[in-house]
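Spelled out, the chains give:
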Amino acid sequence: MDIVIIGNGITGITAALRLRQKQPDWNIAVISGESTFHYSRPALMYIFMGHETYQETKPYPDSFWAEQRIELLRDWVTGIDTEAASIELKNSGTRRYDKLLIATGSKPNMFGWPGQELAGVQGFYGLQDLALLYENVKTTRDAVIVGGGLIGLELGEMLHSVGVHVTFLIREANYWSNVLPLEESKMVVRALERGGFKAIYSTSLQEIVDDGNGRCCAVLTDKGERIETQFVGLTAGVSPRIELFEETPIETGRGVLVDSSLRTNVHNVFAAGDCAEHKRPGQPRNLLEQVWYTGKYQGEVAADVMAGEEHSYQPGIWHNSAKFLELEYQTYGRVNMGDSGTSDLYWEHPDGERSIRIVHKGGRVVGFNLMGIRFRHKVCEAWLKDERKLEDVLNDLHAAAFDPEFFPDYVAALKAQSIRAYVK
Amino acid sequence: MSSQLFEYEFDEEALGFGKPEPQVTLAKPTGLTRLFQGITLLGSILLLAQIAGSAFTGTWIGFLIGPGLLTLGSALYFWSSMKDRPPGINHDGIRYNGWLARGGGGYLLALLLTGLYVLIYWFPQYLGHSAEGNPTGLVRVVQAPALLLTGGPAGRWFLYGVLYSFVMLAMGVRMWMKYRHNRYEKLRTLSVLFFQFVFAWTLPNLLVKWGQPYMELNGVWPLKQDYLWPTKVSELWNGDASLGPVMIVWAGLIALVGTPVLTYFYGKRWYCSWVCGCGGLAETLGDPWRQLSDKSERALKIEHITIYSVLGIVLLVTGVLWVDHLAGGIFPENFGGALKHYYGFAIGSVFSGVVGVGFYPILGSRVWCRFGCPQAAILGILQRFFSRFRITTNGGQCISCGNCSTYCEMGIDVRAYAQKGENIVRASCVGCGVCAAACPRGVLKLENGSTHLERL
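Here the protein sequences line up with chains A and B, keeping their order. Quick note, the first sequence lines up with residues 1 to 424 if you use our numbering. Quick note, the second sequence lines up with residues 425 to 880 if you use our numbering.
Careful: at least some of the hints might be erroneous.
To be verified - Straight-line C-alpha distance at most 27 angstroms; calculated DSS-like pairs for lysine-lysine: (1) A/Lys-138 to B/Lys-610; (2) A/Lys-107 to A/Lys-323; (3) B/Lys-844 to A/Lys-378; (4) A/Lys-361 to A/Lys-389; (5) B/Lys-452 to A/Lys-198; (6) A/Lys-323 to B/Lys-844; (7) A/Lys-223 to A/Lys-323; (8) B/Lys-656 to B/Lys-764; (9) A/Lys-107 to B/Lys-452; (10) A/Lys-138 to A/Lys-279; (11) A/Lys-198 to B/Lys-507; (12) A/Lys-323 to B/Lys-443; (13) A/Lys-198 to B/Lys-610; (14) B/Lys-656 to A/Lys-22; (15) A/Lys-22 to A/Lys-186; (16) B/Lys-507 to A/Lys-323; (17) A/Lys-186 to B/Lys-507; (18) A/Lys-323 to B/Lys-656; (19) A/Lys-279 to A/Lys-107; (20) A/Lys-385 to B/Lys-844; (21) A/Lys-138 to B/Lys-452.
Stated by the list, open to error - Which chain A residues stay away from chain B? Per the calculated CB distances, all over 12 angstroms, these: (22) Gly-79; (23) Val-137; (24) Val-162; (25) Gln-206; (26) Thr-221; (27) Thr-248; (28) Ser-260; (29) Met-337.
To be verified - Short, incomplete list of chain A residues facing chain B, as computed with Cβ under 10 angstroms: (30) Gln-23; (31) Trp-26; (32) Glu-34; (33) Phe-37; (34) Arg-41; (35) Met-45; (36) Tyr-54; (37) Lys-58; (38) Leu-127; (39) Thr-140; (40) Leu-370.
Calculated from the structure, these hints are not laboratory results. We put the beta carbon where it would ideally sit given N, CA and C, even for glycine.
The following block holds chain A by itself, in its conformation from the complex:
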């Protein structure tokens, strides 16, 4: 059996490793044009900031892949022939497959801004973008970053760490306010100010100005403001990387369309991770999930199904985490997702740099949001699955604490506050 996986990101690699466990005799090949070995995409920023070498971002030693008998092929896929069950490669001809997994990931959104093709303008997603950033930064003193999300903040933090003056253009009134509740969003806004970043809110990009030589020199905003800059980072989200499949029988929408077993409409072709769009009969919208963790889970499910098992992808209890400058963030369950009838128990430290939010509905806990405080994933997940009562969760809350030893007992502070509120 010949398995071909397109993409060596977290989804493709997770699938390859799991398939190897399940099927010791199958041939497994992972194709990537981006890098020879799998590296951790979230660690790209640490290379630029000098925290890690490129080699240190690779989660497995180079010798590991031969031991696992997983073939790594460095090439770009240029076409797919689903009739012949083969793919076409830029440098190494065609290659037949019995089962194909598409795990091509995403690409930065480009909303057709005038000037987005100029030199000095770029998105930030992969190793090639990192190499381009090293080139672009050579002529950069000031940078404008468009988009108030995680990648934008990472790019800003990277540039700031080497002394570039960074200005964020953020469409919303507060940082990442479509995901973060207002208080937490404001906390990030304060962290940005403290860190010496400039952020302009409720403002969109109108145009990137050409300096006459095909390089950017300024941006114009929808408020009529002109900001001089030598670098523009476009980080207004990502969308599935699917150009390759548009002329093929493989059905695409916003992403490669898959059913709950991650099968596409074409026999023996599967898709998982950022590039997959999950059909959800009876629901108003299909599902796109574009974070590290879901990429990993989908890779596992795809491997099971390809190995011949029945496995249907069920998005579990939502969780995510990030770090905004020095500020750690964790979320579990449903927070700020537009549910009706929810109430929040919110505690914020007087220093304004840490908080705990417990979202509940009808006396049952549905979500946690933590800033500057660590909670235990498994405990939160179990409580959310059981739809545990708020008072029980509060009673047991210390079981969820995951801060290092000797840290102040913030959980007790939250409990004290909730008791005071109850007595009132």
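Let chain A serve as the given structure and place chain B on it in line with the hints.
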């Protein structure tokens, strides 16, 4: 968008990335920072002048304006250069800084450090050490505190104690500032400084002054190999010193009772990164180079061979010495003396000193602790099989970024466990806590569980 430029001809392994070079002028150090740099420089000049010979050499004034100003200036420099940044680990630029990433600066520092150790061990006369008790040069600079603490003239070992303690003080301020967002790290900093200044430096010297035998009270056999050797034990037990028997009970208790009990409850960290002098130096002076520890499988194999070999050797030597002592005449005359000499030379001086500390800027901060220390080996076996301590991982939150593995001073591939959601139970882990502090997703936590059975 021109990222297509790179798409087809790109070798990330060879490219190596490195230091970005934007068109910026970096912020100049503040006036305060410059002042403290100036004080450090002044202290260095005054120290050099005293080594060359001056009226102040050997006086309290000389000590304070030389080593004193040097320590004070550098401690304040670390404070002022970090105080304006928000608290939180900052590893910016480390991997492309030649002083910290095996560049020319790193090799130069390694040469100076190893040179210092070679002088102290084998050529102390060049430091001004005098067997007749009339020191000159650098040794004479610490004469005043030596007279106060030991009641006698300074020698090379007193000088070594001063260097060790004061370097730890200045670099301890750096450690405090770097990890000041983290109470575990702050308490640990205070702890290693306390044990160095009180247990390893002041008290042993005062003991000598009071006519008692010299003993570092935080030293444990077999790291301090001779503390349970027959010569030391007889000296303490049968000698004139009134505190001798107390000290032998202390050494025996800490080695044979304290070690297993404390390690059962807290892991080997109670010693290696809270109490031990070698550990204290590694955590303070060695911290800038912690990322240089080798994470390869080959290094792990070497570690297993060398550390358990040293343990085997020290057990054997100790056993032979006791047999020789109790049933004298089995071994040739001077056999015991030669054993002690060669162990002291090869393990005590070359391995733990010259390589262990001298190579900080090349091999990382815990070379001795990882590859050599027999005490760490014993604690490690206890930790691996009979301890409540482990590092837990937080469900599925790991993003495999590698900060934990990169900054593990013991060369443990922490990420390999974290990305699978497995607890980390490793003999070598000294529980410094930096993996948990450096993790950008809050995945790792050092914990003492309720039993030792359910750790994996």
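Here is what the structure says about each hint:
A distance of roughly 39 angstroms separates the Cα atoms of A/Lys-138 and B/Lys-610; the hinted pair therefore is violated under the 27 angstroms criterion. Between the alpha carbons of A/Lys-107 and A/Lys-323 the distance comes to roughly 22 angstroms, so the proposed pair stays at or under 27 angstroms and holds. Of the supplied pair hints, the one linking B/Lys-844 and A/Lys-378 holds, its CA atoms being roughly 14 angstroms apart against a limit of 27 angstroms. Taking the CA atoms of A/Lys-361 and A/Lys-389, the gap is near 9 angstroms; set against the 27 angstroms cutoff, the hint holds.
For the given pair, B/Lys-452 sits about 21 angstroms from A/Lys-198 by alpha-carbon distance, which is consistent with the 27 angstroms threshold. This hinted pair checks out: A/Lys-323 and B/Lys-844 have alpha carbons roughly 21 angstroms apart, not beyond 27 angstroms. Distance hint between A/Lys-223 and A/Lys-323 is unfulfilled; the C-alpha atoms sit about 30 angstroms from each other, more than 27 angstroms. With a CA separation close to 12 angstroms, the supplied pair B/Lys-656 and B/Lys-764 stays within the 27 angstroms bound.
Restraint check for A/Lys-107 and B/Lys-452: not satisfied, since their Cα atoms lie roughly 39 angstroms apart, outside the 27 angstroms limit. Between A/Lys-138 and A/Lys-279, the direct Cα distance comes to roughly 45 angstroms. Violation of the 27 angstroms bound is thereby established for this hinted pair. Straight-line distance between C-alpha atoms of A/Lys-198 and B/Lys-507 comes to about 22 angstroms, which keeps the hinted pair within the 27 angstroms bound. Between the alpha carbons of A/Lys-323 and B/Lys-443 the distance comes to roughly 23 angstroms, so the proposed pair stays at or under 27 angstroms and holds.
Of the pairs offered as hints, the one joining A/Lys-198 and B/Lys-610 is violated, with about 32 angstroms between alpha carbons and a cut-off of 27 angstroms exceeded. Among the hinted pairs, B/Lys-656 with A/Lys-22 is inconsistent with the structure: their alpha-carbon atoms are about 61 angstroms apart, more than 27 angstroms. Of the supplied pair hints, the one linking A/Lys-22 and A/Lys-186 is violated, its CA atoms being roughly 47 angstroms apart against a limit of 27 angstroms. The straight-line distance between the Cα atoms of B/Lys-507 and A/Lys-323 is roughly 21 angstroms, inside the 27 angstroms bound, and the hint therefore holds.
The straight-line distance between the Cα atoms of A/Lys-186 and B/Lys-507 is roughly 24 angstroms, inside the 27 angstroms bound, and the hint therefore holds. A distance of roughly 54 angstroms separates the Cα atoms of A/Lys-323 and B/Lys-656; the hinted pair therefore is violated under the 27 angstroms criterion. Restraint check for A/Lys-279 and A/Lys-107: the C-alpha separation of about 21 angstroms stays at or below 27 angstroms, so the hint holds. Distance hint between A/Lys-385 and B/Lys-844 is fulfilled; the C-alpha atoms sit about 22 angstroms from each other, no more than 27 angstroms.
For the given pair, A/Lys-138 sits about 21 angstroms from B/Lys-452 by alpha-carbon distance, which is consistent with the 27 angstroms threshold. The claim that A/Gly-79 is not at the interface with chain B holds, since no C-beta of that chain comes within 12 angstroms of its own (minimum 16 angstroms). Look at A/Val-137: its CB is around 5 angstroms from the nearest CB on chain B, not clear of 12 angstroms, so calling it non-interface is violated. At roughly 5 angstroms, the least C-beta separation between A/Val-162 and chain B is not larger than 12 angstroms, which violates its mark as non-interface.
The beta carbon of A/Gln-206 sits about 18 angstroms from the closest Cβ of chain B, which is more than 12 angstroms, so the claim that it is off the interface holds. Residue placement check: A/Thr-221 keeps its beta carbon more than 12 angstroms from all beta carbons of chain B (closest about 21 angstroms). At the 12 angstroms boundary, the C-beta of A/Thr-248 stays outside the reach of chain B, the nearest C-beta of that chain being 21 angstroms off. The claim that A/Ser-260 lies off the interface holds: its Cβ sits roughly 20 angstroms from the closest Cβ of chain B, which is beyond the 12 angstroms cut-off.
For A/Met-337, the condition that its CB be more than 12 angstroms from all CB atoms of chain B holds, with the nearest at approximately 20 angstroms. Because the beta carbon of A/Gln-23 sits about 20 angstroms from the nearest beta carbon in chain B, more than 10 angstroms, this interface hint is broken. Because the beta carbon of A/Trp-26 sits about 22 angstroms from the nearest beta carbon in chain B, more than 10 angstroms, this interface hint is broken. The beta carbon of A/Glu-34 comes within 8 angstroms of a beta carbon in chain B, closer than 10 angstroms, and the hint placing it at the interface holds.
The beta carbon of A/Phe-37 is positioned within 10 angstroms of a beta carbon in chain B (closest approach about 8 angstroms), and the interface hint is therefore held. With 10 angstroms as the threshold, the beta carbon of A/Arg-41 comes within range of chain B, its nearest partner Cβ sitting at about 8 angstroms, so the hint holds. Here the hint on A/Met-45 is kept, as its CB sits about 9 angstroms from the closest CB of chain B, short of 10 angstroms. Given the 10 angstroms rule on beta carbons, the hint for A/Tyr-54 holds: about 6 angstroms separates it from the nearest Cβ of chain B.
The restraint placing A/Lys-58 at the interface with chain B holds, with a minimum CB-CB distance near 8 angstroms, inside the 10 angstroms limit. Hint status for A/Leu-127 relative to chain B: holds, with the closest Cβ pair at about 5 angstroms, below 10 angstroms. The closest approach between the C-beta of A/Thr-140 and any C-beta of chain B is roughly 5 angstroms, which is under the 10 angstroms cut-off, so the hint is satisfied. Look at A/Leu-370: its Cβ gets to within about 8 angstroms of chain B, closer than 10 angstroms, so that hint holds up.
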